[in-house]
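Residue-level listing of the chains:
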Amino acid sequence: MFSSFSSFYEKSRNKEIVAGLTLISIAVILNLVFGYFAMFFAFYLSFFKWDYIGEMQFVGLQNFEIVIRDLIRGLHGAPYLLVPFYTGLKNILLYTLIVVPIQTFLAIVLASFANQKIRGQQFFKVSYFLPATTSSVIVALIFIWLFMKNGYINYVLTHVIPGFEPVDWINNKDYLLFAIATVAIWGTSGHFMVSFLAAMQAIPREIYEAAMLDGAGPIRRFFFITIPMLRPMVVYVVVMGLIGALQMFDLAWIMAGANGGPGGAGYTVALDIYNEAFTRIRPGVAAAKSWFLFAIIFTTTYLFQKKYGRAMR
Amino acid sequence: MKKVLAGGLLVFVLLLAVVAAGCIGGGEQTGTQTSATVTETKVKTETKVETQVQEKVFVRFAGWSAGETEMKNYEKMIKAFEEQNPNIGIKYEVITQMFHENILASYGAGVAPDVFYVDSAWAPIFIDKGALYPISDLADQSFIDQFYPFLLEPFMKDGKLYGLPKDWSMLALFYNKKLFEQAGLTRPPETWEELEEYAKIIADKTGKPGLAIYLGGFNRYVPVAVSNGAPKPWFEKPEDASWFDNPVVKETLTWYIDLYRKGKIERENQGLTPYVVQPSDVGAGWLGDAFGQQEVGMVISGNWMIPFLADQFPDFKYGEDWDIAPVPAGKEGRVTMVYTVILGINAKTEHPQEAWKFVKFLLGPEGQKELVVKGGQTLPSIKGFENDPDMWPQHKKTLSFKYDKMIVFLWGPKSGPIESKFSDAMAAAMRGEMSADEAIEVMKQVVQEELSS
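In order, the protein sequences belong to chains A and B. Oh and the first sequence: position 42 is 42 in UniProt numbering, straight run, nothing missing. Oh and the second sequence: position 361 is 361 in UniProt numbering, straight run, nothing missing.
Be aware that a few hints might be false.
For lysine to aspartate or glutamate, the following DMTMM-like pairs were computed, each having C-alpha atoms within a straight-line distance of at most 20 Å [what the hints assert, rightly or not]:
#1 A:Lys-173 to B:Glu-193
#2 B:Lys-157 to B:Glu-70
#3 B:Lys-237 to B:Glu-419
#4 A:Lys-173 to B:Glu-190
#5 B:Lys-237 to A:Asp-51
#6 A:Lys-49 to B:Glu-450
#7 B:Lys-129 to A:Glu-55
#8 A:Lys-49 to B:Glu-251
#9 B:Lys-402 to B:Glu-236
#10 B:Lys-348 to A:Asp-51
#11 A:Lys-49 to B:Glu-101
#12 B:Lys-91 to B:Asp-128
#13 B:Lys-232 to B:Glu-450
#14 A:Lys-90 to B:Glu-320
#15 B:Lys-129 to A:Asp-174
#16 B:Lys-331 to B:Glu-419
#17 A:Lys-49 to B:Glu-449
#18 B:Lys-262 to B:Glu-332
#19 B:Lys-348 to B:Glu-101
#20 A:Lys-149 to B:Glu-295
#21 A:Lys-149 to B:Glu-236
#22 B:Lys-444 to B:Glu-194
#23 A:Lys-149 to B:Glu-101
#24 B:Lys-178 to B:Glu-197
#25 B:Lys-208 to B:Asp-128
#26 B:Lys-402 to B:Glu-386
#27 B:Lys-348 to A:Glu-55
#28 B:Lys-250 to B:Glu-268
#29 B:Lys-262 to B:Asp-245
#30 B:Lys-250 to B:Glu-438
#31 B:Lys-56 to B:Glu-350
Keep in mind the hints are simulated off the structure, nothing from the lab.
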């Protein structure tokens, strides 16, 4: 195969095209098999009842009906254990509302600091980016330890804020989601900082110089030049952030556990899809739920792109 | 949008063209004389290798690991088996997490192992779907008769037996003798009321909580209910939710939930040492850890705790520092929970005879002597080892306890998912997020929903 391919390559007239296509074909094939095939198989699966061992059984829209009933019952206030999808969705929307704006804002702030010509800024760039290179499981485990009742975070807070009572962050349903969100923000804003830094360095210096001649101070320059020029990058970061936040699985899995921890406060849609497929053994329902999640992600990102993404051009 | 689609299509078509061209090119290449002979000899050697492989049959064996010792013991046994049976090779695969989920997914993908562990709680799912090979078709009755009959019951369906347990464990009360002495207690508690009383005395006298339990854990609560006269839980159809309407069930469940509410939450509100805790309250990962660190006076746990204590806390000695006693009795007798795992054979395996040979080797008297009795992880599932000199004294003691009922961990066809949801509801009630009655109502609805389809 390889020898025959190399002879084909030698004979071919346009070697660059052949080489290029061959190299990208690996990524394309992987994407076709694990991306598109999996997607369409999930769509197919969502109309079937299956238990992995026996035959698949066509059930029409029954799986989607299960999900919708779950949502309706959740809106009527059923206990969280009976409406897992609704619980996961509610949590993940709140989580997205917390995480995405803060991580975007923080990334811009960090990037503008890193963009200054200060001694040792390389050190800060690296240290902000480092979390992005660490496995999220390890990060979650470290933060569990920090968030413990007799852990470091409570220790600092009790010493900084007078009269502060230690909080059991992980085992309290009122704080669990915020604890997870904190970890997510810490872990991702450094990554997005690099995107912003690249965009900032692409802003022409002349614009700043012109503004300085007109007497604009650093703060005005930041708000009237940097931010508007960063707009396409902000859209990109927010869209990526939205997708990441709505699909969140790893942090919740480690910090809250497969069942979402106390009061189901850390339960997410992705966890529910996993549980549905492998604990309750209803892969069809899991597939239906993933299509719901897909629809939610698609509409939010589409609407956001439509509203802000094209304004520059 | 259209442009993107057209672009994608173009890439795809080009890709196919490249692959196709590669194949055609290959055909041209082999057309020459010399390389044709090369491929011919290649094919010949390949078929030779194939026939050699076919003589040796490979059996895939998947298990989880209860620690490194267990894995090493199995590897040793596999080596011994392969020496005795040169025509059978064993591929040992250890799946550390989400074991049954993994096995199910591998069925879906058509690559399930030939022999694998199945926990009693998951067995009905595998048996009902015809995923397990009926052991009774492979084994002699005399071989099956060596096993404890109550361990086989859950794996019977329509007169056929689908699995033989590799070992088993049961719940017992582990108590810290030093803390008992400090508290002035001379013997382990006999009844559930006494258990709570003892826990309180230990907390008051020693400053350490008397009892550690899990938040949730339906299987730990069942012996309380059944020993007080409730029937064994069995959930097969939605109407079986009525088990929870039994007044004994309600009363004992409320008592069990209140253990933590009264023992921990209320006590702390009064500024007193809690007498009932969960492992994380004392900085431990699980009951064994909390007990081994000597942070609590008593726990109710299974035989798997014994090798863990011996391994992790060598200074905390059985007999001198801690001891075991039967699970406390209720109004209607003494009941314990039994946990067991079978070695299942894949119904679709291509080599049922070879797989059975391997299973028989592991489960037979010699295999269990090596793996279970000497290994000391759990209890042997075949009779006759009760007085074996190699049996660990702790395990011998658990086997000597007299119980009125032993319940195998199995609540019907959907035990696994049901147990997990029940435990969540119980945990929520224990934390005080809902009342015991609300938790019972949720559990009833869980039964109705899980079993209605």
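Quick rundown of the hints versus the structure:
{"no.": "1", "hint": "A:Lys-173 to B:Glu-193", "in the structure": "violated (31 Å)"}
{"no.": "2", "hint": "B:Lys-157 to B:Glu-70", "in the structure": "violated (30 Å)"}
{"no.": "3", "hint": "B:Lys-237 to B:Glu-419", "in the structure": "holds (15 Å)"}
{"no.": "4", "hint": "A:Lys-173 to B:Glu-190", "in the structure": "violated (37 Å)"}
{"no.": "5", "hint": "B:Lys-237 to A:Asp-51", "in the structure": "holds (18 Å)"}
{"no.": "6", "hint": "A:Lys-49 to B:Glu-450", "in the structure": "holds (14 Å)"}
{"no.": "7", "hint": "B:Lys-129 to A:Glu-55", "in the structure": "holds (10 Å)"}
{"no.": "8", "hint": "A:Lys-49 to B:Glu-251", "in the structure": "violated (39 Å)"}
{"no.": "9", "hint": "B:Lys-402 to B:Glu-236", "in the structure": "violated (30 Å)"}
{"no.": "10", "hint": "B:Lys-348 to A:Asp-51", "in the structure": "holds (16 Å)"}
{"no.": "11", "hint": "A:Lys-49 to B:Glu-101", "in the structure": "holds (17 Å)"}
{"no.": "12", "hint": "B:Lys-91 to B:Asp-128", "in the structure": "violated (27 Å)"}
{"no.": "13", "hint": "B:Lys-232 to B:Glu-450", "in the structure": "holds (19 Å)"}
{"no.": "14", "hint": "A:Lys-90 to B:Glu-320", "in the structure": "violated (53 Å)"}
{"no.": "15", "hint": "B:Lys-129 to A:Asp-174", "in the structure": "violated (42 Å)"}
{"no.": "16", "hint": "B:Lys-331 to B:Glu-419", "in the structure": "violated (25 Å)"}
{"no.": "17", "hint": "A:Lys-49 to B:Glu-449", "in the structure": "holds (16 Å)"}
{"no.": "18", "hint": "B:Lys-262 to B:Glu-332", "in the structure": "violated (25 Å)"}
{"no.": "19", "hint": "B:Lys-348 to B:Glu-101", "in the structure": "holds (18 Å)"}
{"no.": "20", "hint": "A:Lys-149 to B:Glu-295", "in the structure": "holds (17 Å)"}
{"no.": "21", "hint": "A:Lys-149 to B:Glu-236", "in the structure": "violated (42 Å)"}
{"no.": "22", "hint": "B:Lys-444 to B:Glu-194", "in the structure": "violated (30 Å)"}
{"no.": "23", "hint": "A:Lys-149 to B:Glu-101", "in the structure": "violated (33 Å)"}
{"no.": "24", "hint": "B:Lys-178 to B:Glu-197", "in the structure": "holds (18 Å)"}
{"no.": "25", "hint": "B:Lys-208 to B:Asp-128", "in the structure": "violated (47 Å)"}
{"no.": "26", "hint": "B:Lys-402 to B:Glu-386", "in the structure": "holds (14 Å)"}
{"no.": "27", "hint": "B:Lys-348 to A:Glu-55", "in the structure": "holds (14 Å)"}
{"no.": "28", "hint": "B:Lys-250 to B:Glu-268", "in the structure": "violated (26 Å)"}
{"no.": "29", "hint": "B:Lys-262 to B:Asp-245", "in the structure": "violated (24 Å)"}
{"no.": "30", "hint": "B:Lys-250 to B:Glu-438", "in the structure": "holds (11 Å)"}
{"no.": "31", "hint": "B:Lys-56 to B:Glu-350", "in the structure": "holds (13 Å)"}
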